[in-house]
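Trainee: So you can see what is in the structure, the chains are spelled out below.
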Amino acid sequence: MAYVVMATGFCLILIGLYGSLSNRNLMRMIVAFTVADTGVNLVIVAVGYMSGRTAPILDAAVPVAEAAARIIDPVPQALVLTAIVIGVGVTALMLAYVYKLYEAKRTLDIGKFTELKW
Amino acid sequence: MIKRFAILVMLLAVAAVFATLTLSYQPDAELNQTARYYAERTASEVGSANIVTAIVVTYRGLDTLGEVTVLFLASSIVGLLLARGRNAKLNPAKPLPASELLVTGSRLLTPLVMLLGVYVFVNGHLTPGGGFQGGSILASGVLLMLLADPLKHFSHHLISALESIAGLFYVAIGVLGIFLAGGFLDNRILPIGELGALFSAGAIPLIYSLIGLKVGAEFSSILANLSATEEL
Amino acid sequence: MSQLTTIVTVVLCITMIVAALMAIRGQSVPIAILAAGLVSLSASVVFLVVASPDVAMTEAAIGSGLTTFLLFFVLARVRGGEND
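Residue numbers (the working numbering), protein chains in the order written: chain A, 575 to 692; chain B, 3 to 234; chain C, 624 to 707.
Hints are computed from structural coordinates only; laboratory data are not their basis. Since this is a predicted model, take the numbers as computed values, not measurements. Any given hint might turn out to be false.
Said to hold, decoys possible - Restricting the straight-line Cα-Cα distance to at most 27 Å, the calculated cross-link-like pairs of lysine-lysine (DSSO-like) are: (1) B:K5 <-> A:K679; (2) A:K686 <-> A:K674; (3) B:K154 <-> A:K674; (4) A:K691 <-> A:K679; (5) B:K154 <-> A:K686; (6) B:K154 <-> A:K691; (7) A:K691 <-> A:K674.
All chains should be modelled from the sequences, with the hints used to inform the complete structure.
Mentor: See the structure below:
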């Protein structure tokens, strides 16, 4: 099952990259970035999965003595927790910039912002 | 046309790399060394039943401090960008009031949502959950309040005071760890207790509650700044 | 029982890919935003099936809750440029 989730994650990254490269509208580019972000998180969590094992929480199902034989890798989950939160922070920043750009030029087409081109 | 073709060629190259990675992936049969260390030592050294919480707060606590800093930066920059200048419109258009169903429903739901958020981050060391999840649920409660009453102005001072005090106490607990226990952000400044009780795992409930409040305040401030912008 | 989880995972992954294609090629921006919310929701359930409840809770609260709200808030302010 790790293969299925990993392949889906890679497909989402490719779809998100294509969407952010080929769309002209700023809002659609941000939506494509969000999709690619979700794909990256799927791939990282899929790496930590081992079949037949359960979540890394010590309770009645996983007694302390046999924890090392029953849980999956907890480190990718800690990394993905951080990544999801930072992803939404970056999305909020991008959206604030879209608001200011629209206020300045009244358009969301990225081809119209030519001040930095020579 | 050329651009579309170039994008497709580049994506095909990336897809080839991804396909190689997927096909050559071998899942491990046993936990690797780092994971085995965390699995065996969490109950005795940290005392938390949720191993991911132990990693995020104690074993890799410095990364969490960095992440909270990045969120603080993001919410400050959003507040800076969206602040209204001196020549803002003096009488902005009044938004329409929300419907009766939303106003009445939010009076019932907002306290319940806040209670759920606080429950999630206080029990972060026992069940799945923790500061980030609880903070986002708190921000969803604030969002419900914002939607139900669009004319209400959120006091930015209260939110930023809450965020600053929570961040200050978080770093203060970390520094206290240097003097009273093994190092920065060590959770043994409070007794570890028994596995599975509410007041266990040392300072982890305290640290995660502060992180939850700080993250909730940051997301609420982003939402309040975005909803206070004017219609363009 | 593991047959059932594999079938559920495959169905969710197909949902995710279809929703992602709708998100980048949707007819209008609100449909694209809703499709991205659906991707996030399905990803949250997939995270639960691969035994990561913490990540599932975070993705559900943040990815399909806050990100969709943020996108709709800003879309409401920039409605004029939507069809560029």
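Trainee: Failing hints, ascending?
Mentor: Failing hints, ascending: 5 and 6.
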